[in-house]
Amino acid sequence: MKFKKLTAAAMSVLILLTGCGQAAVSDSGSPSLPDISTTVETSGEAETSTEEATETSVTSAAVLTSVTSSRTTTSTSAAVSTAYAASITTTAAVQHTDPEPVYTPPVQEYVPVQEPVNTDSEPYVPPAPAVTTQAAVTTAPPKTTTAAPVPADLTPKQLMNKMTLEQKVCQMFMVTPEALTGISPMVEVGQGTANAMKKYPVGGIIYFAQNLNSRSQITAMINNTQNFSKAACGTGVFTAIDEEGGTVARAAQKLGTASFSNMAYYGQYNDSGTAYNIGNTIGTDLRALGFNVDFAPVADVNIDPNNELGDRIFSSDPEVVANMVTNVSMGMQDAGVSATLKHFPGLGAENGNTHTNSFVVIDRSKDDLRNTEFIPFKRAIDSGTDFVMVGHQIVTGFGDDLPCDLSYTAVTEMLRGELGFNGIAVTDAQQMNTICTVYGSGEAAVMSVKAGIDLILMPADLPAAVDAVCRAVRNGDIPESRINESVMRILEKKKEMGLF
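So the sequence shown is residues 538 to 1037, counted in this note's numbering.
Calculated directly from the structure, the hints in this document are not laboratory data. Take these hints with a grain of salt, some might be off.
[Stated by the list, open to error] Here are the computed distance ranges between Cβ atoms for each label pair:
(1) Asn843 - Arg1011: 29 to 37 Å
(2) Gly1035 - Ser809: 25 to 33 Å
(3) Thr933 - Asp848: 23 to 31 Å
(4) Gly729 - Thr974: 26 to 34 Å
(5) Glu1017 - Val898: 28 to 36 Å
(6) Val898 - Met1025: 29 to 37 Å
(7) Thr974 - Asp1014: 20 to 28 Å
(8) Gly810 - Lys735: 30 to 38 Å
(9) Asp841 - Gly729: 25 to 33 Å
(10) Lys735 - Ser853: 30 to 38 Å
(11) Asp841 - Lys735: 25 to 33 Å
[What the hints assert, rightly or not] Listed next, the in silico DSS-like pairs over lysine-lysine satisfying Cα-Cα at most 27 Å (straight line):
(12) Lys735 - Lys699
(13) Lys1032 - Lys694
(14) Lys915 - Lys903
Predicted model, so just to flag it, every value in this text is computed and none were measured. Positions of the beta carbon are idealized from the N, C-alpha and C atoms, including for glycine.
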């Protein structure tokens, strides 16, 4: 009797367990897990990511662990996003290159030369961006415009000779699309942009995360901008972005292009092939979107642990930095995108922040720089890197107490003369505090041109900057030959890029 009762009890438990098991299986034969979808607001549109189980046997404990992990991750992401938003100061309501990190990329395994570098990565869904006052804009690409034809055999010198002084001076500026139109954020261009480019035919446009809604949208936006520029002055524009990999990666953040760990991770291995693959992968992705200039790689040497760059720098060893930045640059340029070494003459010995401080002074002699900071810049310059970005730091060894992008010693004597750079010298963003809180836009622009800079990035006031340089030429303070020197460098590179 006891045996029969035990048997009956066991059968009941078995039936109960079997029923539960059947109830936990969906029509597809896969376990039906609780809904753990996470909705993230991106550029005014909701994107939903739902994880679906693929195995047919999942225990209740595993399901609970998955749900707990998902909720923990979501909470952590929200906390990080909130903390970051709270940390941003509103002292200078301006945008600049190299802002504080906008997202944390997934940690990746070291990738040796024979392996592809993360070309099949899943699109990264970033935290919700700061709320803007502008209504959500559709991501449908605008209709493509067509520029007036330009003779294919036109030389850079012939094109320059056709330009007015104002047009030539405008070629020496790179700005955001918002700076041209006054509309923020800009995600598509139309007649307003066309009119603005006729008035200010700038040499380049820099795009930030707020300008990127989808791959088709940014491609159409860049294509139309190029055509408007060609119609206005006979040549297209440099289209630039900050895409270093790691925490500064606009396209990876918004469009799901290949993402990487911060460069300090790869610097540990000092592998030339991996560096080349990183540059080539980023360059290939950017080129497909319409970009032709990347403000990367970081060529600084990590000297002071309190510098603003941190693990965006490859190493504290200048030889390692030299090897890595040279190969990243070559990989990128082989993909058709100009690389940019930054931040000459080096920010690694800094103890401050050029974004927020009015003055950043680095106590380094010229010999200190020659023995350390100049090594990566010289190596990559000799390999043919197209652009060098000059920073806003004051270097005591130069003796002029000027931000380096306003310093003749830094740009002409050191970068051009000693390091032999004949490419395009671009300033860091002049909306940053080390420039805009000390100098007026026109004053800084004139000083940059006198220093030997070719391209002035993001002045706080574009009309004032252009007007000041034109006046300086007309009153003899700047010889027009100095303007022609930079414009020729710019137009020669654009001709090479096929922008005429």
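The hints, checked one at a time:
Restraint check, Asn843 to Arg1011: a C-beta distance of roughly 45 Å breaks the suggested window 29 to 37 Å. Roughly 29 Å separates the CB atoms of Gly1035 and Ser809, a value that falls within the hinted 25 to 33 Å. Between Thr933 and Asp848 the beta carbon distance is about 27 Å. The supplied range of 23 to 31 Å therefore holds. Checked against the given bound of 26 to 34 Å, the beta carbons of Gly729 and Thr974, roughly 30 Å apart, stay inside it.
Taking 28 to 36 Å as the suggested C-beta distance range, the pair Glu1017 and Val898 conforms, at roughly 35 Å. For Val898 and Met1025, the Cβ-Cβ distance of about 34 Å falls inside the hinted range of 29 to 37 Å, so the restraint holds. Between Thr974 and Asp1014 the Cβ separation comes to about 24 Å, which falls inside the hinted range of 20 to 28 Å. Distance hint check: the CB atoms of Gly810 and Lys735 are about 47 Å apart, inconsistent with the given range 30 to 38 Å.
For Asp841 paired with Gly729, a C-beta distance near 45 Å fails the hint of 25 to 33 Å. At about 49 Å, the beta-carbon gap between Lys735 and Ser853 misses the expected band of 30 to 38 Å. Checked against the hint of 25 to 33 Å, the C-beta distance between Asp841 and Lys735 comes to roughly 46 Å, which is inconsistent with it. Taking the CA atoms of Lys735 and Lys699, the gap is near 15 Å; set against the 27 Å cutoff, the hint holds.
The suggested pairing of Lys1032 with Lys694 holds, with an alpha-carbon distance near 11 Å, which does not exceed 27 Å. Taking the CA atoms of Lys915 and Lys903, the gap is about 14 Å. The hint holds against a cut of 27 Å.
The structure fails hints 1, 8, 9, 10, 11 (numbered hints given earlier, in ascending order).
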